[in-house]
Structure formats: C-alpha cells, structure tokens
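K.L.:
Residue-level listing of the chains:
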Amino acid sequence: MNVIFYIASIIAILATIMVITGRNAIHSLLFLIVSLLAIGVVFFTLGAPFMAALEVIIYAGAIMVLFVFVIMMLNLGKAYEKMEESWFSYKAWLGPGILCIILLGELIYVFTVTKGSGRQLTVISPQEVGMTLFGPYILGVELAAMLLMTGIIGAYHIGRRKQKEYHRLLQKEEEPA
Amino acid sequence: MMTHIPTNEGLLLAAILFLLGLIGTMTRRNIIYILMCLEIMLNACGLAFVVAGAKWMQADGQVMFIFILAMAAAEVSVGLALILQMHHQHKTVDVNALNQLKD
Chain G
1 MNVIFYIASI IAILATIMVI TGRNAIHSLL FLIVSLLAIG VVFFTLGAPF
51 MAALEVIIYA GAIMVLFVFV IMMLNLGKAY EKMEESWFSY KAWLGPGILC
101 IILLGELIYV FTVTKGSGRQ LTVISPQEVG MTLFGPYILG VELAAMLLMT
151 GIIGAYHIGR RKQKEYHRLL QKEEEPA
Chain Y
1001 MMTHIPTNEG LLLAAILFLL GLIGTMTRRN IIYILMCLEI MLNACGLAFV
1051 VAGAKWMQAD GQVMFIFILA MAAAEVSVGL ALILQMHHQH KTVDVNALNQ
1101 LKD
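Quick note, the sequences are listed as chains G and Y, same order. Last residue of the first sequence: number 177 in our numbering, and the count goes up by one each step with no gaps. Last residue of the second sequence: number 1103 in our numbering, and the count goes up by one each step with no gaps.
Hint data in this document are derived by calculation from the structure and do not stem from the laboratory. Hints are supplied without guarantee of correctness; some may be wrong.
[Claimed, not checked] Label pairs and their in silico Cβ distance ranges:
| hint | chain 1 | residue 1 | chain 2 | residue 2 | range |
| --- | --- | --- | --- | --- | --- |
| 1 | Y | 1004 | G | 107 | 15 to 23 Å |
| 2 | Y | 1097 | G | 156 | 22 to 30 Å |
| 3 | Y | 1094 | G | 160 | 44 to 52 Å |
| 4 | Y | 1056 | G | 61 | 28 to 36 Å |
| 5 | Y | 1092 | G | 128 | 46 to 54 Å |
| 6 | G | 81 | Y | 1099 | 20 to 28 Å |
| 7 | G | 21 | Y | 1092 | 28 to 36 Å |
| 8 | Y | 1004 | G | 57 | 26 to 34 Å |
| 9 | G | 142 | Y | 1091 | 39 to 47 Å |
| 10 | Y | 1097 | G | 14 | 43 to 51 Å |
| 11 | Y | 1099 | G | 152 | 25 to 33 Å |
Quick reminder that beta carbons are idealized off the backbone N, C-alpha and C, glycines included.
Whenever a hint applies, use it, and build me the whole structure from the sequences.
P.N.:
In structure tokens:
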C-alpha cells in the first residue's frame, strides 16, 4: 500500500510541475487531470475511498470540463504560445521559485524530524462520512448550498454578453478605436 | 492488509503541491494558468485535511474536503465567467493588461 502511495505522490508532483511550466493551455490541463487522478489514488491509499471517487468525478470530471469549455471558447492559437514563452521568462520565476524552495526545505526538515504515527490504517466508510456531514456539520452543508447558489447566479450574471453601452468616461476612448 | 498511515509523507506531498501552485500563481501571467494553480492549491489543502482525518481516524477531515470541493466548484465557475468577460472586453488573457485603474 505504501509503495502505491509513493508512486502516486511522485506522479502527482511531476504532473503538477508539468502544469506550471507548460506553454499550451490544453496540454497543461491534461497534466492537471493526471495530477488530480494521482491524488485520487493517494486518497484511496489513505483509507478514504469516497473522497477518491469524488476527486475523480467532481475535480477531474466536472471542474476540468469547465476549463476545457472555456479554453475552447477562447480559441487561443499558436500566437498565444509565442506570447506565453515571452511572458514566462527567466526573471519572472527565479525569485519566487527560490523563496518557495527555501520554504519547502524548512517543511521537509520539520516533517523528517518529527516521528510518524504508528497507528494502523483504518478505512473510513462513505456511511460514516455521510453521518458526520449531515450530523454536526449540517450548518456547513446549508452554507455550501448557498455558496453554490451564489456561484451559479454570479457566473450567469458575469458571463453574460452585454456591454453595448459604456460609461460616459469610457465612451471617448472606445469611439476612435 | 494493514499498513501504517503515511502521515508525514502525506502532509509533505500536500505542502509540495501547495508550493508548486503558489509558484505558478506568482509567476504566470496567463489568467487561465493562474486559475489552474489556484485549483492545485485548493486540492493540496484538501489533501492535508484528508491526511489529518486519516491520522485521527475521524470522518471530519473528509467532510472538510467535501466543503473545499463545493467551494472550488463555485470559485471556478465565477472565475471562468470572469475570464470569458475579460477576453471579450480586452481581447487578451494577460493579467498585466488589466491596469486601467492605474491611470
């Protein structure tokens, strides 16, 4: 079981590195899906089979389909790959990258110095998760429902194509163009 | 098969994924990549919750992951609508083009 965990972790990390260094949006998206599937395997080895299923169905399924639709609607071509290369320059990532690697070193130090738990792995069934979700956390479920409702209304309102009339200050800029 | 819980390794994986998402968010200029890196970071947070829940053998960590999932779905729908509107009005996906408030 632990071997599967390590292999899936390495796949997840490599796929994520490919995502953040990619040039083509669709290729990065495919690597992101691989990374999410690998994390689903990690969930399965951690004794959370329900979360593994949700990860595959909702994250790698529904949310990534939204990304694919938007990238298709934007219709970014070869010209954007060239622009991407000029944007993703050496100077842009060197500073933040080094600082984040220092933070990562500290985290590795913390996690290797402290001792791991000697407990046996127990599988938490979907039944138990459901009982907890609709028991003590029922208020959170209702809040999540309200959040999703506002998400739907907000996405509809923002994504609508309107904008025929501009503000009077913007109108002067738009006319000559 | 009974195995030990890889708590430290799991938290380390979550930390590495979070840092990768953070690097991507800070360095990329394409707004689609920024949104993808936000997804990576949210997913890493969920992984940390699930690892902690596995360590204490409680379902609470997984419940928190479900909440993070719902939040990520709402966030990505609004974010993608904003990207569409940005591409419609500015004809670019470069976040540095959105500096109209500067002048």
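K.L.:
Checking each numbered hint in turn, tell me which of them this model violates, lowest number first.
P.N.:
3, 7 and 10
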